[in-house]
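S.K.: Listed here are the chains, written in short residue letters.
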Amino acid sequence: MSLRVVLAAALLVAAAGAALAQGAHPFGMPGGAAAPAAVEPGLVDSLLAWVRAEQAAYWRQLSGAVRAVGEEHASAATGTLVALSFMYGVLHAVGPGHGKAVVTAYVLTNERVLRRGLLVAALAALLQALVAIALTLGALALIAGATRTIEGGARALELASYALVITLGAVFALRGGIRLFVQDGARHDHLQDHGHDYHGHDHGHDHHSHHVAPAVAVANADWRVLAGLVVAMGARPCSGAILVLVFAWSAGLVWAGVLSALAMGVGTGLAVAVVASLAHAARLPVRWVGLRAGLDLARAGAVVAMLGGLAILLLGALLLVAALAAPAALVPGG
Amino acid sequence: MPPHIRRAIRHGAIAVAALAATIHLAAPAAAHPHVFIAARLTVVADASGQIAALDVDWTFDDIYSAYVTADLPKDKAGKPSAEALATLARQILVSLAEWRYFTEIVRLETGGIADNQNFGTPGEPVVRLDARGLAIAFRLPLAAPLLPDGQRLLIRQYDPSFYVAIETVNDGVGLAAPLAAACKAEIAEPKPPQTAHNLSEGSFQLQGATGGIGTMFASNVTIACR
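In the order they appear, the protein sequences are chains A and B. For the first sequence, the numbering used here begins at 1 and goes up steadily by one. For the second sequence, the numbering used here begins at 1 and goes up steadily by one.
In isolation and in its complexed conformation, chain A is listed as follows (with noise of 0.2 Å):
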C-alpha cells in the first residue's frame, strides 16, 4: 500500500512537472516547446541531461542521413536513417510526457491489463507517426503557407489530446470510486447485486469470492477506453517527425522522411512499453508486502486507481490550461 501510494504520489509530481514545463518559445515548434524550469540541476536533471546529450547527437546526425539516402549506397544509409531515428524516438521518450504518465496511471490502477497497456503504446506510437506523417505531408502537398497549417493542425490535436486525458482520468477516478464504494458495500451486505462494469479487479484479496470470473472482466474490457488511451496518447505529433518530415521534402526526399518518422514511432513505442512494464511490474511487490502487512489489497487498490485517475485528470487539466495560455508560435513557421 504505502509503495503504491508513493507511486500515486510520484505520479501526481510527474502531472505537475510536465503541465508546468508547457510554454510558449520565440523557436516553437508544434507541441515542442518548454518554459523554463527555474531549478537548480539535480541528479534527475543531469541523468536528463546526459540523455538530451546523445539524442542531440542522434539528431545532428539525422539530416545528414537524410541527405545521403539521395545519394550513392542508398541501401547503407537508410539503414543508418533507421538506426539513428529509431534511437532518437527512444531517446524522445525519456522524460515527462503525458503519454506515459496516462498509460502508467492505466497499468497502476487497472488489473491484468499489461498486454493491453503495451498494445496501447504501439498503436499509441504508430498513431503518433502517422498523424506527423499525414498532417506533415498534406499541408505541404497542398497548402502555400504550410508550416502555419501544420502548426495549427498539432496544437488542435494537443489539445483535443488533452481533453482526452482530462476525460480518461475521470473514468479512472470513477471506476476507482466505483470499486471502493462496491467493495465497502459488499463488506456490510453479502447480497447485493454487483454492477461490475469496471474491469479493475484486485485479485490478491481472500476475504471474499463472489466476483464475476476475472475472464469475464477481462472479455467485457471496455475498448472506448483502449481507444481513448491510444488517441489521447498517440494524437499529438511529434515535432521532430515533423521536423524530418519537412527537412525531406525540402530536400526532394520525402519517403526518407516517413521512413524517419515511422522509425521514430517504434523506438517511441518501445520505451513506453518498457516505462509500462516497469509500473505493471512495481505492483507485484507491493502486493507481496501489503499481504504481508496484512492489508485490505482490495480496498488500497481501488483507492490508489482513484488517485491515479484524479491525478491524470489534473494532468490533463494543467497541460490544457497551459497549452490553451500558450500565446501562438512567435516566430512565422517557428
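Simulated from the structure, these hints should not be mistaken for laboratory data. Some clues are possibly wrong.
Just a few of them, taken from the derived set where beta-carbon distance is under 7 Å, the chain B residues facing chain A [what the hints assert, rightly or not]:
1. 33
2. 34
3. 62
4. 66
5. 70
6. 71
7. 108
8. 165
9. 183
10. 216
Examples of chain A residues lying across from chain B (beta carbon under 7 Å, computed) [unchecked claim]:
11. 49
12. 56
13. 78
14. 149
15. 239
16. 246
17. 255
Even for Gly, the Cβ is constructed at its ideal location relative to N, Cα and C.
Fit chain B to the given chain A structure using the hints.
M.R.: Showing chain B alone in chain A's frame:
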C-alpha cells in the same frame, strides 16, 4: 537464503526501477533540443573604449533552417527572397527580446557575481541563407557600457529549457580592436552532465537567472581585462 526473501529482494529491485522510471516522468526539464545554433561572439567597445555590446552571429542547423524557411516566398531559383529573410530575422529578434536573447552577461568579482547586465535593443540583423543553413547576426548593446579596467565578465548563451541548443564554435569568441589588447577571452566548454554537481569556477547558478537544464549545456565564456 529462503526463497521468499530472494523474491522480496527481486521485487524490491523491480519496484526501485519502476520508481526511477516514474521519477523520470516527474523530471522538471521536459524539452529536448529541436533547434541547434552554432554561435560566434565578439565583444565590442564604443568610441570611448568601454565594453558596449556583443556581436552575435548564429547559424541554425539545416533541419530547422529548412523548416523555418519552408513558408517563405521563393524566387525562380527556389530560394527565399532577401526581403522575406530580412523580415524573418527581424521577427526572430523581436521574439527573442522576451528571452533576453538567450544571452547572459554578468560581472564577476572575487567570490561571486557583482551584477547581471541588461541589454538595449539590438541593431538591424544581417541574415544569410546558404548550404550551412540560416544565419542571423546582430549587435546586442549593453544597457550601460562597462569600463574594461580590471573587469571580469562571464558570458553565456543558452535556452534555459534546452529546446534550443546553442554552441559556441571553436575559436568563436573574439574581442574587437581596443579590447583585444587589454582583455583575454577564455571558453570553458560544458561537460554535461557532470557539470551539474561539479560547477567549475565562473559557472554559477545566477540569482534571478532562469537556470534550468540549459545551463548544463552552456559554454562559459570569461572575459578578463587588465
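S.K.: Each hint: holds or not?
M.R.: Now the hints, each set against the structure:
no.	hint	in the structure
1	33	5 Å, holds
2	34	5 Å, holds
3	62	5 Å, holds
4	66	4 Å, holds
5	70	5 Å, holds
6	71	5 Å, holds
7	108	20 Å, violated
8	165	6 Å, holds
9	183	30 Å, violated
10	216	5 Å, holds
11	49	4 Å, holds
12	56	5 Å, holds
13	78	18 Å, violated
14	149	9 Å, violated
15	239	6 Å, holds
16	246	5 Å, holds
17	255	17 Å, violated
Violated hints, in rising order: 7, 9, 13, 14, 17; the structure is consistent with all others.
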